Structure formats: C-alpha cells, structure tokens
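Just so you know, the sequences run in chain order A and B.
So the first sequence is numbered by our numbering: it starts at 586 and just counts up by one.
So the second sequence is numbered by our numbering: it starts at 30 and just counts up by one.
Any given hint could turn out to be false.
[As the list claims (entries may be wrong)] A few chain A positions that, by computed beta-carbon distances, are all more than 10 Å from chain B:
hint, residue
1, 600
2, 603
3, 656
4, 678
[Said to hold, decoys possible] Reference excerpt, derived from the structure (chain B facing chain A, CB under 10 Å, subset only):
hint, residue
5, 372
6, 436
7, 452
Since the hints were made in silico from the structure, they are not lab data.
This one's a predicted model, so the numbers in the text were calculated from it and none came from an experiment.
Even glycine gets a Cβ: it sits at the ideal position worked out from N, Cα and C.
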Amino acid sequence: MAREKSSKDNAQALFHSLRSAYAATPVNLKIIDLYVGFAVFTALIQVVYMATVGSFPFNSFLSGVLSCVGTAVLAVCLRIQVNKEFKDLPPERAFADFVLCNLVLHLVIMNFLG
Amino acid sequence: MHSLRIADRSPTPCSPRRFRHQVPLHLLQFPQSRLRPRIQVVPLHLLQFPQSRGFDLEFKLADDPKIALQRYGRYLYDALILFCPSVERFGGSIDLAAIIDFFDSGHDLIIAADSNASDLIREVGNECGVEFDEDPLAVVIDHISYAVSETEGDHTLIASDDLIKSDVILGSKRIVAPILFRGIGHSLNPANNWYVLKVLSASPSAYSANPKSKLSTPPTLIGSAISLVSIVQARNNARILITGSLSMFNNRFFRSGVQKAGSQTKHEKSGNEQFLTEISKWVFHERGHLKAVNVKHHKVGETDEPALYRINDELEYSVEIYEWSGTSWEPYVANDVQVQFYMMSPYVLKTMSHDKKGLFSTSFKVPDVYGVFQFKVEYQKLGYTSLSLSKQIPVRPYKHNEYERFIPAAYPYYGAAFSMMAGFFIFSFVHLYSK
Chain A
586 MAREKSSKDN AQALFHSLRS AYAATPVNLK IIDLYVGFAV FTALIQVVYM ATVGSFPFNS
646 FLSGVLSCVG TAVLAVCLRI QVNKEFKDLP PERAFADFVL CNLVLHLVIM NFLG
Chain B
30 MHSLRIADRS PTPCSPRRFR HQVPLHLLQF PQSRLRPRIQ VVPLHLLQFP QSRGFDLEFK
90 LADDPKIALQ RYGRYLYDAL ILFCPSVERF GGSIDLAAII DFFDSGHDLI IAADSNASDL
150 IREVGNECGV EFDEDPLAVV IDHISYAVSE TEGDHTLIAS DDLIKSDVIL GSKRIVAPIL
210 FRGIGHSLNP ANNWYVLKVL SASPSAYSAN PKSKLSTPPT LIGSAISLVS IVQARNNARI
270 LITGSLSMFN NRFFRSGVQK AGSQTKHEKS GNEQFLTEIS KWVFHERGHL KAVNVKHHKV
330 GETDEPALYR INDELEYSVE IYEWSGTSWE PYVANDVQVQ FYMMSPYVLK TMSHDKKGLF
390 STSFKVPDVY GVFQFKVEYQ KLGYTSLSLS KQIPVRPYKH NEYERFIPAA YPYYGAAFSM
450 MAGFFIFSFV HLYSK
C-alpha cells in the first residue's frame with residue numbers, strides 16, 4: 586500500500602519537476618517546440634483524412650505528410666544546435682543550415698505534390 | 030448444302046440494272062409438231078410484266094445448242110427463269126454447275142418444277158436448299174382446302190392462302206383471294222432457316238402422294254411442312270424463287286375465279302396474278318434491295334474524320350441507306366438499324382435514328398477501354414438484302430497532360446504543404462528577431 590502510494594507520489598513529483606524544468610527553458614526554445622507541435626499536428630490531420638477518404642492521389646498524400654515530418658525534423662535539429670549547452674557549432678551556422686535544408690525540402694515537396 | 034458458297038461481300042453502291050432474262054420455255058421442249066395451243070400462252074402473261082417494267086427478255090429453247098449464260102467470262106444476263114421442269118439436259122453450255130455459278134455470282138433465278146420434274150431440276154432445287162418429293166409421280170393433294178371446280182375431282186388443284194407475313198416480299202396490298210396451285214411440293218432443309226423461306230405453304234391437311242394409286246405407307250411430306258413456293262436470299266444477295274407448279278403461272282389460273290372448299294366466298298379472280306407479280310418484283314430486286322453509302326464519323330462539334338479517338342470522347346456516326354424502288358434509289362425508312370462499337374464484343378450497341386431522307390445517325394461516348402475498335406453495322410431483316418459494314422478506328426488513352434490539373438481530393442495535402450512553407454517563413458522571422 587505504501588509502495589503504491591509512493592509510486593503515485595513519485596509520478597506526481599516527476600510530473601511537477603518536469604513542468605518546472607520546462608518552465609525554466611529559454612523562450613526561443615519554447616517557440617521552436619511550438620513550431621514542431623504545429624508540424625506534427627498537421628501531419629496527423631492528413632493521416633486521419635487519408636484514412637477516411639482513401640489514398641487516391643497517393644503522391645500528394647506522401648508529399649504533404651513528408652513536408653510536415655521534414656519540417657518537424659529540421660526544427661528539432663535547430664533546437665538541439667541552438668541550445669546554449671551545445672558547443673560544436675555557432676547558432677548562426679545552425680540557423681543557416683536550417684534555412685538551406687528547408688529550401689531543399691520545399692523544392693522536393695512542390696515537385697512531388699503533382 | 031455446300032453450293033450456296035459463302036461470298037461475304039459488303040454492298041457496293043450499284044447502278045440500276047437492266048435485266049436481261051433468259052427463259053428456256055417449258056412448252057418448247059416438245060418438238061414443234063406437238064405444240065398444244067393451250068400451253069402456248071403459259072409463260073407470256075407473267076413475262077409481259079417484266080417487259081412492261083423495263084426488262085429485256087430473251088426466250089430460248091431448253092435444248093437450244095447455242096444457249097450460254099456467259100461468254101468470255103462475262104455474264105450475258107442478270108437473271109434466269111427456268112420454266113422447263115422435265116428437261117434432262119440443257120443444250121449449249123448450260124449445266125448444273127453453270128447454273129450454280131450463275132447464282133453464286135449474285136444473279137437471280139426463278140425455277141418452276143411440275144409433276145414431271147426431271148432429275149436435273151430436282152438437283153437444281155437441292156442446290157438451292159429445297160428438296161422435292163422423291164416419288165416422281167407424287168403431287169400435292171389436299172382434301173380439305175382444294176379449289177372447288179366442276180371438272181377435276183381428285184383434289185390436286187389446291188387453293189392456298191397460307192402466305193408469309195412480309196410486306197417487302199409480297200407488297201403492301203393484302204392478297205385476298207387464295208392462290209391456285211397444281212404440282213409437286215417441296216420441303217426445306219431446316220439448317221438454312223434464315224436463307225430459305227416458305228412463302229406459300231400448304232395447309233395442315235395437305236400431303237404429297239400419287240393420286241392414281243393407293244397409299245401403302247403414310248406419305249413423308251405432310252401438312253404445313255410442304256412448301257408450295259419458296260424463296261432463297263443468299264449471302265451474296267442473289268434471290269431465287271422455287272415453286273413446284275408451272276401451271277400457277279398460266280393465264281387460265283390468272284383469270285379464273287376461285288372458291289376454297291368449305292368456305293362460302295367465291296372470289297372473282299384468283300390471287301395468282303397479284304402474288305406472282307409482287308413476288309417477282311422482290312426477286313428482281315425492285316423491292317427490298319438496300320445499299321449503304323457515306324459512312325461518316327466525327328467528334329461532336331467537329332466535321333472532319335479523325336484518325337483516332339481518345340477514351341471518353343463524344344462522337345457521332347452516320348450512314349446513308351437507300352432502297353431500290355425499281356427506277357431510282359429511295360431513302361430507306363426503318364427504326365431498327367443498329368451500329369456497334371466492336372472490339373471482340375460490342376462495347377456500345379445503339380439504334381440509329383433517321384431523318385426520313387435515308388440518313389441514319391446516332392451519337393455516343395467512347396467507352397473507357399483503349400484498343401482498335403470497329404464501327405459495325407450488321408443489318409439482316411427478312412426480305413431485305415443484308416448490310417454488313419465495318420470501319421476500323423483506334424482509341425487511345427489519355428495523354429499525360431489531359432488529366433485534370435488540380436485534383437479536388439488532394440486539396441488538404443496542397444494546403445498542408447503550403448502551410449508548412451508559410452510556417453517556416455514566419456518562424457524564421459520570429460526566431461531571428463526575438464530575444
């Protein structure tokens with residue numbers, strides 16, 4: 586009984602510590618997190634749409650989902666590299682990589698959209 | 030019945046024919062000294078009609094050594110009338126093979142047999158698809174529908190009105206009086222249902238037997254299976270009339286009144302003249318002879334004929350059909366001419382509508398199958414020449430730029446991709462210019 590109660594307390598304590606740690610992150614990282622959430626949400630909408638209506642122009646479906654997933658992945662990479670604890674490259678370089686990769690991604694998406 | 034050889038010939042526009050008939054006369058088989066005046070009038074009455082209808086007639090003896098149907102490979106006549114039922118051998122160069130070649134090449138034939146029909150005439154009948162009764166002494170006897178008369182009492186003169194129902198073969202005016210017949214009967218080979226038809230059949234109470242002897246076995250030819258007058262329309266549109274009575278054609282029968290036994294009505298004139306005149310018009314192609322010309326097809330809205338169509342195109346097909354009226358080509362009027370869009374099986378089958386001037390047309394959508402199709406018109410109607418037209422046309426699928434540019438079902442994906450681009454643009458500004 587005491588163990589269960591303590592495990593439930595542990596979960597609550599974990600949750601609280603996560604929340605407070607997250608509240609302490611810098612604002613720009615939170616903005617990136619918001620952006621990632623938007624991309625994943627759009628991808629989910631498209632998957633639900635395909636499940637109901639059918640996959641008729643499959644290339645369009647893949648292109649739309651890939652644009653969302655690719656955007657999310659690139660945004661995550663940017664978040665890692667912009668973090669103050671990441672010493673390998675300067676944040677300006679990280680941002681430049683992010684922009685370039687996004688351009689290539691959107692070029693491919695437009696071509697595949699049909 | 031191998032002799033009606035299959036000559037599948039699509040109709041070509043034909044020019045009006047001047048008919049030249051050759052008539053080996055039945056009466057002239059006998060040497061001149063035995064001419065009986067009564068029979069002398071036999072064929073002339075009928076043959077005045079063809080003459081007044083613009084035909085050139087030539088009369089010849091059956092054993093004239095100079096008669097010939099063709100010379101140097103060209104046929105001299107357009108039709109042949111054989112009124113010589115007891116001829117054993119023809120003179121000149123005519124024999125069974127020559128007669129068969131004559132109608133295989135599309136020419137018409139009228140054959141009259143009678144109660145002393147020779148083997149040669151029976152064989153000609155066999156080649157045409159009819160079988161005369163094998164017993165040479167048998168004639169058609171009918172004890173119930175015979176023609177009432179004072180003199181003959183053996184019921185071999187029968188009055189028949191069991192006619193085929195066809196306006197094109199017998200004319201539009203109904204033949205009211207029964208038709209007098211005295212002669213032999215024939216039966217039709219059932220394998221040729223479509224090509225050989227009974228025009229005048231005997232009544233169900235008729236039978237074919239020798240009137241002068243007692244019947245020892247039941248007769249083989251009985252009832253309505255006996256055909257008195259038959260026609261054949263071959264696949265090459267040659268027309269043949271076969272009858273078992275030569276006396277049907279003579280003046281006496283044409284002019285006499287007729288009363289069918291058992292009925293009260295006495296007709297002033299027998300139906301022979303009207304029947305034979307009308308049916309001879311059919312045999313000589315003055316009725317029921319069709320030609321189809323000017324096959325045209327094009328896309329709806331255009332006038333020129335494309336070399337190929339695309340699937341789901343709207344197209345129009347038209348053909349002009351005319352009927353020969355004896356003097357000129359008249360527009361054909363019918364509601365049952367159909368066109369097929371055919372590739373191994375008809376994908377589209379539509380009845381064409383006409384504009385009363387002989388132009389039959391219809392429009393339909395090309396099916397969603399690509400390949401090489403044919404426009405086929407296969408028209409076979411009782412008494413009319415058969416039309417068999419076919420025109421090949423390929424059908425192609427969509428080119429890559431003939432699909433719709435933006436697919437409505439994919440709009441959410443387009444929206445998602447563009448929203449990602451917009452989001453990236455806005456985010457990069459926010460990221461750069463926020464503290």
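Verification of the hints:
1. Against the 10 Å criterion, residue 600 of chain A stays outside the reach of chain B, whose nearest CB is about 28 Å from its own CB.
2. With a least beta-carbon separation of about 24 Å from chain B, residue 603 of chain A lies farther than 10 Å from that chain, consistent with its non-interface assignment.
3. With a least beta-carbon separation of about 5 Å from chain B, residue 656 of chain A fails to lie farther than 10 Å from that chain, contradicting its non-interface assignment.
4. Every CB of chain B is more than 10 Å from the CB of residue 678 of chain A (nearest about 14 Å), matching its label as outside the interface.
5. For residue 372 of chain B, the interface hint is violated, the least distance from its beta-carbon to any beta-carbon of chain A being 29 Å, above 10 Å.
6. Below 10 Å, beta-carbon pairs count as interface contacts, and residue 436 of chain B has one with chain A at about 5 Å; its hint therefore holds.
7. This hint holds: residue 452 of chain B has a C-beta 6 Å from the nearest C-beta of chain A, less than the 10 Å allowed.
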